[in-house]
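Peer 1: The residues making up each chain are set out below.
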Amino acid sequence: MTYSISSDEVKILRDLLLRVVDDVQKSILLNDAGWVNVDPSLVRNLCEIGLCNSDERGVRVSPAIVSHSDLQPRLDEEGQYLFSIFQDIMSASELKQILDKIVDQSGPYAFSVGLERMLQNSEFPIAPERALQYCIAPDEWQTQVAAAIPELAITVAKRFWNVKSWDVVLSRLKTLNLPTPDIKDLESEQFEKVKGVLEWNTVIENMGEEPAKALGLVWYADYLVGIRGIQAPEGIALVQKRAWSIIENTLDKTSAEIKKEIDDMIEKIDAATREKDQEYSTRPIASWVDILRLP
Amino acid sequence: MIIMSIRVPVDRWNRPRADILSERNYKSGQPPFDPFPTVTSVLNAALCPVAILHDMLHGNDSALISREESFGGGNLFQNFIAFLKPAMADGRIPADTQYMRFEFDQFARSAPDAAREKCWRFYLDRWCNRKLEELSRINPNSNFFEVSVSNSYTKFGLRDAGIRTYPLRGRIDEIDFANHKLIERTIKGMPADDHPPRLKDYQTWLLWKILSSVPRSEFPAFWRDVDFAGFTLTVETPYRDFEVEKENASFEELTHSAYSWISDLAKGGRSEWEAYAGRSCTFGNKMTDCGLFGTCYRRRPLFPTTRSEIHREFRNIYRPLCWQLMWDHHLLEYQKLELEADELETLGYVSRGKIVSFHGREIELELDSKQAQPILDQQISGESNSYVIVVGTFHIGFELEASFLRSTNDRYVMETPQRRLPQTGVALIIPSDSSVLRQKPWFLSRNVQRDVFALESWGFQLPDRAATHSVIQFMESLFGVKVLRRERSARD
Chain H
1 MTYSISSDEV
11 KILRDLLLRV
21 VDDVQKSILL
31 NDAGWVNVDP
41 SLVRNLCEIG
51 LCNSDERGVR
61 VSPAIVSHSD
71 LQPRLDEEGQ
81 YLFSIFQDIM
91 SASELKQILD
101 KIVDQSGPYA
111 FSVGLERMLQ
121 NSEFPIAPER
131 ALQYCIAPDE
141 WQTQVAAAIP
151 ELAITVAKRF
161 WNVKSWDVVL
171 SRLKTLNLPT
181 PDIKDLESEQ
191 FEKVKGVLEW
201 NTVIENMGEE
211 PAKALGLVWY
221 ADYLVGIRGI
231 QAPEGIALVQ
241 KRAWSIIENT
251 LDKTSAEIKK
261 EIDDMIEKID
271 AATREKDQEY
281 STRPIASWVD
291 ILRLP
Chain D
1 MIIMSIRVPV
11 DRWNRPRADI
21 LSERNYKSGQ
31 PPFDPFPTVT
41 SVLNAALCPV
51 AILHDMLHGN
61 DSALISREES
71 FGGGNLFQNF
81 IAFLKPAMAD
91 GRIPADTQYM
101 RFEFDQFARS
111 APDAAREKCW
121 RFYLDRWCNR
131 KLEELSRINP
141 NSNFFEVSVS
151 NSYTKFGLRD
161 AGIRTYPLRG
171 RIDEIDFANH
181 KLIERTIKGM
191 PADDHPPRLK
201 DYQTWLLWKI
211 LSSVPRSEFP
221 AFWRDVDFAG
231 FTLTVETPYR
241 DFEVEKENAS
251 FEELTHSAYS
261 WISDLAKGGR
271 SEWEAYAGRS
281 CTFGNKMTDC
291 GLFGTCYRRR
301 PLFPTTRSEI
311 HREFRNIYRP
321 LCWQLMWDHH
331 LLEYQKLELE
341 ADELETLGYV
351 SRGKIVSFHG
361 REIELELDSK
371 QAQPILDQQI
381 SGESNSYVIV
391 VGTFHIGFEL
401 EASFLRSTND
411 RYVMETPQRR
421 LPQTGVALII
431 PSDSSVLRQK
441 PWFLSRNVQR
451 DVFALESWGF
461 QLPDRAATHS
471 VIQFMESLFG
481 VKVLRRERSA
491 RD
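Each protein sequence line maps, in turn, to chains H and D. Using the numbering used here, you'd call the opening residue of the first sequence number 1 and step up by one each time. Using the numbering used here, you'd call the opening residue of the second sequence number 1 and step up by one each time.
Calculated directly from the structure, the hints in this document are not laboratory data. Watch out, some of these pointers could steer you wrong.
[Said to hold, decoys possible] Here are the simulated EDC-like pairs of lysine to aspartate or glutamate, each with C-alpha atoms no more than 20 Å apart in a straight line: (1) D:Lys-131 x D:Asp-160; (2) D:Lys-286 x H:Asp-76; (3) H:Lys-276 x D:Asp-464; (4) H:Lys-253 x D:Asp-11; (5) D:Lys-27 x H:Glu-129; (6) H:Lys-11 x H:Asp-39; (7) H:Lys-26 x D:Glu-274; (8) D:Lys-155 x D:Glu-274; (9) D:Lys-131 x D:Asp-113; (10) D:Lys-188 x D:Asp-125; (11) D:Lys-118 x D:Glu-174; (12) D:Lys-267 x H:Asp-100; (13) D:Lys-286 x H:Asp-270; (14) H:Lys-195 x H:Glu-151; (15) H:Lys-96 x D:Glu-274; (16) D:Lys-482 x H:Asp-182; (17) D:Lys-267 x D:Asp-193; (18) H:Lys-268 x H:Asp-182; (19) D:Lys-267 x H:Glu-267.
This one's a predicted model, so the numbers in the text were calculated from it and none came from an experiment.
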């Protein structure tokens, strides 16, 4: 699309961008953010070419502006920064809709992917002796555990949501046009050993369904933020806020209560999996706060 | 002038258990206790959640440091006053601004000319002229500077729920015993201001809260009979003094909120997005005097394009570094206050000795062989030559950074900054012994946090520059999908 806008109009766009970003920072809902009263004659051209919207609330920058990346270099430095934040806010807005869709139609599948992402983000810190007890060389631990992560995650999903396999999870999410990572149902030869090192069966026994759901959804939201390349804290905050609001509604609890349940669950798992030590009474077999955690 | 939105107080502040304090437990992962914050950290948390996030996770606590202060103007101002007041009390400098100017030029001779000139012209000249009469009447041994205060149970009122205690430590710019005043000094503010600079009143109040919460049994002998609760609180700018109200419900509320942020962020940055959602200023209403202004409102360069992935990886580094800092430094702060002296000695953290003499920059200590062992070990290992000599108690005292100079038999001579300490024979009594505390290089964790965050924020805007910069290309490859190939050299 070809269009021509004057330098005064670029300045107006910059001010409109500032207003919408400022409103979002003040936690005003996106639908209500960024409206200002401007002399209609000043923004007529901008509205006609689709860079602004107007209604009875006034004028605001149009979401369509994000596709006009050629406009960005014409803005001053702060304007360019505002433009990139607005792009992230719009991406975040799309992700919020995806999150809404998930809970209605495919919660367990998204939770499973989220849990897998959570485990992928961990370095699984364990005491080296644990690995040796199961004939895994400490320097091999990272490789072994990385291969076993899909299995570790799916065992949790099987317990709580009766999810059969990654094939089922991914095909279901794809049917709904939801973003999916590349996870395969690999039978890791070392899976049993890794399970043994981590006492994974004990971990699952001590896991609660509600904390698992919360972790799964928050990590799935984090995954979505990552694949969309959202950098602006304003955008990340919008997505995370929506994820937490969905969890609060689904579980009928406050986020503080849910976080406390996660902390309690980790403590319970830590207590259930501690091993005896020669020097000290007991010690943790792994640093669970580094494995089962919020992003 | 309080900006921050109020956050629900934590149920309870977790302090280290006995086995953690005595290091009988394996140190790993997330510490099972909450941080031991400084007054600066609490101020940052009170200013903005993003400021405390940068403080705890990115090693940057400069939100309340003005541009002038970051160039050392504030230190020069405070240090010269700390030198001037005792010198005038002793009659070494007359109450005449020309003499003071002369002394200042000598005192600040190592500072750059422009900084020295600016400090005198804009700050000290105003302050000296304003205080001339007060300075001419100053009593010897009544003003003490840079007094360290620390308490793991500082009391704060909780609306309708009694009191809550938190750990807190800081340093008081000056205690004026003749006038019963606690003074916090700053070069911030303008001549026409009718209120203290942002949060300076709160800072003074926090320091007084620590002092007034310390049990009398933990007072140093030389101040055992002083009642700090009755002292007045003053914020001193170059242009005027402001008295701070001690009964202040909004300060109490702000404190609970600040500690709530500190506790949540110490759990590993999981409240990061909440901090950004609750930031105190916005694009339309920026705090332009905030030391983190550039961090919050400067555009990130376009390249590397994988910045989102970089952040996701790097955030896994900030968290363990924060925890390492808590294990190395915050635990030690708890230990200093909560363990008995002999337990600290057993852990090798403290040696006790007698101050034999303190002349100029040299302090001579007498230590028996057992007490001297940790110092000798450190000297032999060559790890570090840095110590902190504590005169007084760990709750209230003077912490002097020292370096080892020489030893003869049981005498150890260390170099410290020149400071006036309480004297014997006057109203105050010099302590019979001091503590020589081995200082761990805990600040390295903060340096790494700062460097990692700087790398995360760094880059180029222009594609041409980015395309030829090896580090950018390496990051694109490491965190993205770019295939990196070794270039063929001309000889190949």
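Peer 1: State for each hint whether it applies.
Peer 2: For each hint, the structure was consulted:
Proposed proximity of D:Lys-131 and D:Asp-160 is contradicted: the alpha carbons are some 43 Å apart, above 20 Å. A hinted pair counts as satisfied when its Cα atoms are at most 20 Å apart, and D:Lys-286 with H:Asp-76 qualifies at roughly 18 Å. Restraint check: the Cα-Cα separation between H:Lys-276 and D:Asp-464 comes to about 59 Å, which exceeds 20 Å; the hinted pair is violated. Only pairs whose Cα atoms come within 20 Å are accepted, and H:Lys-253 paired with D:Asp-11 is accepted, the gap being roughly 18 Å.
A C-alpha spacing of about 16 Å is found between D:Lys-27 and H:Glu-129, which places the hinted pair at or below 20 Å, so the restraint holds. Simply put, H:Lys-11 and H:Asp-39 have alpha-carbon atoms about 14 Å apart, close enough for the 20 Å limit, and the pair holds. Between H:Lys-26 and D:Glu-274 the alpha-carbon distance is near 13 Å, which keeps this suggested pair within the 20 Å criterion. Between D:Lys-155 and D:Glu-274 the alpha-carbon distance is near 27 Å, which puts this suggested pair outside the 20 Å criterion.
A hinted pair counts as satisfied when its Cα atoms are at most 20 Å apart, and D:Lys-131 with D:Asp-113 does not qualify at roughly 25 Å. Of the pairs offered as hints, the one joining D:Lys-188 and D:Asp-125 holds, with about 15 Å between alpha carbons and a cut-off of 20 Å not exceeded. In summary, the hint linking D:Lys-118 to D:Glu-174 is not supported, as the alpha carbons are separated by about 23 Å, beyond the 20 Å threshold. Simply put, D:Lys-267 and H:Asp-100 have alpha-carbon atoms about 28 Å apart, too far for the 20 Å limit, and the pair is violated.
For the suggested pair D:Lys-286 and H:Asp-270, the alpha carbons sit about 45 Å apart, so the restraint of at most 20 Å is broken. For the hint pairing H:Lys-195 with H:Glu-151, the CA-to-CA distance comes to about 9 Å; that is within 20 Å, so the pair holds. For the hint linking H:Lys-96 to D:Glu-274, the alpha-carbon distance of about 16 Å falls within 20 Å, and the restraint holds. Only pairs whose Cα atoms come within 20 Å are accepted, and D:Lys-482 paired with H:Asp-182 is accepted, the gap being roughly 18 Å.
Proximity of D:Lys-267 to D:Asp-193 is assessed by CA-CA distance (about 40 Å); at most 20 Å being required, the pair is judged violated. The hinted pair formed by H:Lys-268 and H:Asp-182 fails the criterion: a straight-line CA distance of about 32 Å is larger than 20 Å. As the CA atoms of D:Lys-267 and H:Glu-267 are separated by approximately 14 Å, the hinted pair is consistent with the 20 Å bound.
Hint check: violations occur at hints 1, 3, 8, 9, 11, 12, 13, 17, 18; the rest are consistent with the structure.
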